[in-house]
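Each chain is listed here by its residues.
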Amino acid sequence: MSTAMNFGTKSFQPRPPDKGSFPLDHLGECKSFKEKFMKCLHNNNFENALCRNESKEYLECRMERKLMLQEPLEKLGFGDLTSGKSEAKK
Amino acid sequence: MGGLWRPAWRGVAFCGWRWIHPGSPTRAAERVEPFLRPEWSGTGGAERGLRWLGTWKRCSLRVRHPALQPPRRPKSSNPFTRAQEEERRRQNKTTLTYVAAVAVGMLGASYAAVPLYRLYCQTTGLGGSAVAGHASDKIENMVPVKDRIIKISFNADVHASLQWNFRPQQTEIYVVPGETALAFYRAKNPTDKPVIGISTYNIVPFEAGQYFNKIQCFCFEEQRLNPQEEVDMPVFFYIDPEFAEDPRMIKVDLITLSYTFFEAKEGHKLPVPGYN
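Chains V and L are the protein sequences, given in the same order.
Take any residue in the first sequence, note its place counting from 1, add 187, and you have its number in our numbering.
Take any residue in the second sequence, note its place counting from 1, add 4, and you have its number in our numbering.
Keep in mind that the hints were calculated from the coordinates and are not lab data.
Do not take every clue at face value.
Below 25 Å or equal to it, Euclidean Cα-Cα: the simulated PhoX-like pairs (lysine-lysine) are [what the hints assert, rightly or not]:
no. : chain 1 : residue 1 : chain 2 : residue 2
1   : V       : 253       : V       : 223
2   : V       : 218       : V       : 262
3   : V       : 262       : V       : 223
4   : V       : 262       : L       : 255
5   : L       : 269       : L       : 192
6   : L       : 192       : V       : 226
7   : V       : 226       : L       : 79
8   : L       : 255       : V       : 206
9   : V       : 206       : V       : 218
10  : L       : 79        : L       : 155
11  : L       : 255       : L       : 150
12  : L       : 150       : V       : 226
13  : L       : 97        : L       : 79
14  : L       : 142       : L       : 155
15  : L       : 269       : V       : 223
16  : V       : 262       : L       : 155
17  : V       : 218       : V       : 253
18  : V       : 223       : L       : 192
19  : L       : 197       : L       : 97
20  : V       : 206       : V       : 253
21  : L       : 192       : V       : 253
22  : L       : 255       : V       : 218
23  : V       : 218       : L       : 192
24  : V       : 262       : V       : 206
25  : L       : 197       : V       : 262
All chains, full assembly: derive it from the sequences and hints.
Take a look at the structure:
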């Protein structure tokens, strides 16, 4: 939705998200997980790679509370975290 | 006889009832199949011998009074070469007709190509902005490109008529292509009435937008906030690993994700991009 009306330039086309829209967390059920994630980000200078566990936990909270469709975590890009967990369980 | 028919489509629709020559063996066929009638600009084919009967009338689209037609004067007086000339002239005319038809067809095809290509892109999902392979298998198998750190900065806007407080909860986040990331926005409805908003997003630089894939977010769907309610709005996204291989993106280290909220009114359709 760019306003650059240049002839021939490709304008930005917003795309809908792959899995749709998150339902709003009206009751704040996953707020504590979110706070943990934000704290981790603040502590680690906003590096996402170091806080992936917390983001995984937030999404798991959402899936439990039916605020998100159940998906195996590998499909959400957390394959390395889950395989590490299953190896630790062994 | 069939091989001597030379259909010229110009005269097809009108040729039928102009023939006045009665009793010719071809007439029966033409009465049944009017589109088989050739346009006879003079003589030709097997009808050459019947020319002597002198009752042919020229068939043409425009009604021309025979007296007003400019007389075609054949160059030779010898009746045999005259016939050949007429034949050649007619052939030239037919060829010219075909060539003109092909030229017009090409022009039409070049105009038709634009909507046809768009249709093709819609059905197959390929095209400039869509990256093939949005499936979750892709997310499963993608490998983070750890040496390319990109800073994503967040921006939040509201439309003037929407009274929400909408802001990102982090100013920036550092990700690498191929790694899924989570970010949060917060929205608060300070009014005493429930308000429904709908949002869209923008990515700067534009070319990086094709690599920015949102798995799930809060855009393009109506979100309702009750009075005095504050909610966290997450965005779950990743940058396509192919970003690291695009030569145009070599200098891109900062991507800005900007969300804008509008008020969703009854019957007011926002230009959301084909998302239902």
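Against the structure, the hints come out as follows:
no. : hint            : verdict
1   : V/253 <-> V/223 : holds, 20 Å
2   : V/218 <-> V/262 : holds, 24 Å
3   : V/262 <-> V/223 : holds, 23 Å
4   : V/262 <-> L/255 : violated, 30 Å
5   : L/269 <-> L/192 : holds, 18 Å
6   : L/192 <-> V/226 : holds, 21 Å
7   : V/226 <-> L/79  : violated, 100 Å
8   : L/255 <-> V/206 : violated, 30 Å
9   : V/206 <-> V/218 : holds, 22 Å
10  : L/79 <-> L/155  : violated, 84 Å
11  : L/255 <-> L/150 : holds, 16 Å
12  : L/150 <-> V/226 : holds, 23 Å
13  : L/97 <-> L/79   : holds, 17 Å
14  : L/142 <-> L/155 : holds, 23 Å
15  : L/269 <-> V/223 : violated, 36 Å
16  : V/262 <-> L/155 : holds, 24 Å
17  : V/218 <-> V/253 : holds, 15 Å
18  : V/223 <-> L/192 : holds, 21 Å
19  : L/197 <-> L/97  : violated, 78 Å
20  : V/206 <-> V/253 : holds, 14 Å
21  : L/192 <-> V/253 : holds, 23 Å
22  : L/255 <-> V/218 : violated, 37 Å
23  : V/218 <-> L/192 : holds, 15 Å
24  : V/262 <-> V/206 : holds, 11 Å
25  : L/197 <-> V/262 : violated, 39 Å
Checked against the numbered hints above, the structure violates hints 4, 7, 8, 10, 15, 19, 22 and 25; every other hint is satisfied.
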